[in-house]
Amino acid sequence: MDDLQLQAIIESVIKEINAAKAKETSSPSSAAPVATTPNNLQSLIIDLNDPTTRHLRYQSSVKNPKDPEALKALIASTTARLGVGRAGPRYTTRSLLLFQGDHAVTQDALYRDVEQKLLDDLGLFTVQTKVTGGKQEYLLRPDLGRQLNDDAKRILNEKCAKSPNIQLVVGDGLSATAVEANAREMFPVIMQGAKAANLTMGTPFFVKFCRVGVMNDIGDLIKPDVLILLIGERPGLGRAESLSAYMAFRPKAGDSDANRDVVCNIFNNGGTNPLEGAAFTIQIAQKMMKHQAGGVKLKLAAK
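For what it's worth, the numbering used here labels the leading residue of the sequence shown as 1, then goes sequentially.
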């Protein structure tokens, strides 16, 4: 709705109020007037188009920009929120609705569980960390998401092959949407890549309420040469499908991010393509095997 339409609505409402007051003054005993819609309002559309469409998302709302073409080029150069415009000191309605819609996407990604059908299709059984209070506790207590519970340790000892070259694990992390958007494509590429490189694969599984640090517990139990963890990244506004592939060489208690490598921002249409991300992951795993190192030590050894 542009300024002219808004002004027309305001003027029509004011006319209605003034007309009603005048009628009440001239006929105080008459019945209350029945509200009618002025003819010039019947053709107005006050509903907004969906602001999340690509065209409207990157449309400038700045009034009378000094250099319209430069502003258009600037907006097209980034996914950041530029040229959102103002209605007085506030955001425009379209910008506010877009923000609220994108924020809802992040909330859905954080609080949803990964669909069981995906886990069944990939042949993954589920174990859990020490989080017992659901998503709220998971978000407030990252430390609990870094430790497997006792039942999980027992199940892994029973079901998983020990000391494989590569152990593949999927964790929900901070975005179930990211796992669902990418894991199905990455899984077969990683499996086939490991087979082509003559690397043995362990028994894959899924970790619920997972944080990256849980790799240490898994490493102590299964003792793989390389552990690969596919995990949902923290969602941004309107971006919930970004996945990371964390890798560690012989992870153990006490290891930190300095001992790990990662391929991040894995998603279609703007990030690292999941098929390429899976291929990069296998390449890094091969380097780890070759240099017997990971993280900072791998970078120093590979120089």
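Wrong hints could be hidden among the right ones.
Straight-line alpha carbon distances no greater than 27 Å define the calculated DSS-like cross-link-like pairs of lysine-lysine that follow [to be verified]: (1) Lys-290 / Lys-303; (2) Lys-297 / Lys-287; (3) Lys-117 / Lys-66; (4) Lys-153 / Lys-223; (5) Lys-208 / Lys-117; (6) Lys-303 / Lys-162; (7) Lys-72 / Lys-117; (8) Lys-130 / Lys-159; (9) Lys-63 / Lys-153; (10) Lys-130 / Lys-252; (11) Lys-162 / Lys-287; (12) Lys-287 / Lys-303; (13) Lys-162 / Lys-208; (14) Lys-287 / Lys-130; (15) Lys-252 / Lys-223; (16) Lys-290 / Lys-252; (17) Lys-299 / Lys-287; (18) Lys-72 / Lys-130; (19) Lys-223 / Lys-287; (20) Lys-130 / Lys-153; (21) Lys-290 / Lys-223; (22) Lys-130 / Lys-195.
I should point out that these hints are in silico values taken from the structure, not numbers from a laboratory.
Hints breached by this structure:
3, 6, 7, 9, 14, 18 and 22
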